[in-house]
Amino acid sequence: MAPLVPSQEELDRRRLVDINPETVSNIPSTDFPGHWPGESHEWSLEKFKNDLKIEFHRNERFEASFSLIGVDASIANAFRRILMAEVPSIAIEFVFVHNNTSVIQDEVLAQRLGLIPLKGSVEGINWMRWFKKPTEDDPEGSNPADYNTIVLRLDVECTKNPDADPQEEDPRKLYKNAHVYAKDLTFHPVGRQDQFFVGMDTIQPVNPDILIAKLRPGQAIEMELHCIKGIGADHAKFSPVATASYRLLPDIKILRPIIGEDAKKFAKCFPSGVIGLEPVTREEAAQKGSGYEGHEGEQKAVVVDPFKDTVSRECLRHEEFQGKVKLGRMRDHFIFNIESVGQFESDSLFLESVKVLKLKCARWKRGLTDLMR
Amino acid sequence: MPASVHSEEQDQSMLDASAPQEQEEQTDVLELEEKRIVVLPGASDTAASFQFEGEGHTLGNALRYAIMKNPEVEFCGYTIPHPSETKMNLRIQTYDTTTATEALEKGLDTLMDLCDVVTDKFTTERDAFNASQGDRMEA
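Sequences listed follow chains A and B, in order.
To convert, note that position 175 of the first sequence is 175 in full-length UniProt numbering; the numbers rise steadily by one, no gaps.
To convert, note that position 42 of the second sequence is 42 in full-length UniProt numbering; the numbers rise steadily by one, no gaps.
Just chain A, same shape as in the assembly (with noise of 0.2 Å):
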């Protein structure tokens, strides 16, 4: 027997999540076997070939909006997380602190030290190898080696400025190096590091601004600092994204007209640019029972652009409203927005997430294949 085929408006009618003005409802997906008799559901790669659709929206270098449609929540939503937690980047792991007279204490220093994020080559950033800590399994843990560390130093002393104007009162201008910054961190190649992290793409701060440490004259921290490469379920430094998220699309549908001063108000309770307002045409006011009849030439209220809205659901408190208007989110659309931290490019940071789950499944299915000998 064929597998049941359900109406496209039943299909539409399932791809909505509905907002009530207190609830949300029709919330999980039924898209599986067994779910509605008689329907097929079946996994299908052809299927899933030809539903699957992505639209750009921004693609800028460190900020990328998209939409995914046609996939399960469950899979956006590892792409989503994966961004996060386990898309690999390099940061300052191990601070060795060779003199530090700031008035900053050096596990404070080591702390917003490694908060810093780091840029350089992606090519050297994808060659280097992991650095395994000790643990209690494997006292020895990995030795550093230019494959797994990347090292920076940090030398700078306070003096007095002889040349600074004795009513002078701006520290930065009365003393040398009072302020610390990021750009005062250097990059000093090991190994290989020297093909790699060349020119432009050497191992530097994103923003070169950021304030380290304060001094006066007299004070002066030297330290080496070891970057690894680590994942942000290690540590949030390590994560390369700034936000990753996505939210579903809204819907809106306007059952019943709204025309009027009544299509003005409602046009208010969306952000500009949802909610147009069009005049009645005479064919819809001949129409009888379409609820325009008489108002030809009024304003009626038409949806312009749910992508805009935010969801707020001003409109369902109106009594005005009541009935007119229905809330949605399309289970399936997802629009992501993926701000990079400035390692990666934002969209191949996206591909990156794809491929950590690729093979995290084919890890795990050469330990499966274990399983089954």
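Read the hints as simulated data drawn from the structure, not as lab findings.
Result set (DSSO-like, lysine-lysine): computed pairs, CA atoms no more than 30 Å apart in a straight line:
#, chain 1, residue 1, chain 2, residue 2
1, B, K106, A, K358
2, B, K121, A, K53
3, B, K121, A, K355
4, A, K268, A, K253
5, A, K365, B, K121
6, B, K87, A, K132
7, A, K358, B, K121
Got chain A; can you put chain B on it based on the hints?
Same frame as chain A, but now just chain B:
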């Protein structure tokens, strides 16, 4: 460099350390480490609980979805039994036509195929978008 109270070996600066004679490209432990799936007690051919060490909701939910898409699977669900242990349990019950292990393998394959499709589509769409943006800039 200031004298150190610690043993020289421990505190040696990386810059001063002599390069290892042979650049032993140590095999990447974290990347190649064999992942072992544990089958929890009480399993039969068609019903089993698998324990994944070091996984969470990321793989758990995605894998659950992929396995549930298989019509030979009667039930699939996952849980993280305790938040402070990085373990994920996946329960699969199948009909007689297959086994739980096969369903799991098929689920992993499904996910991998899905990833390929997403990568392909994303790359083509991005390139098309970048090209159209470039045109607009020139115009």
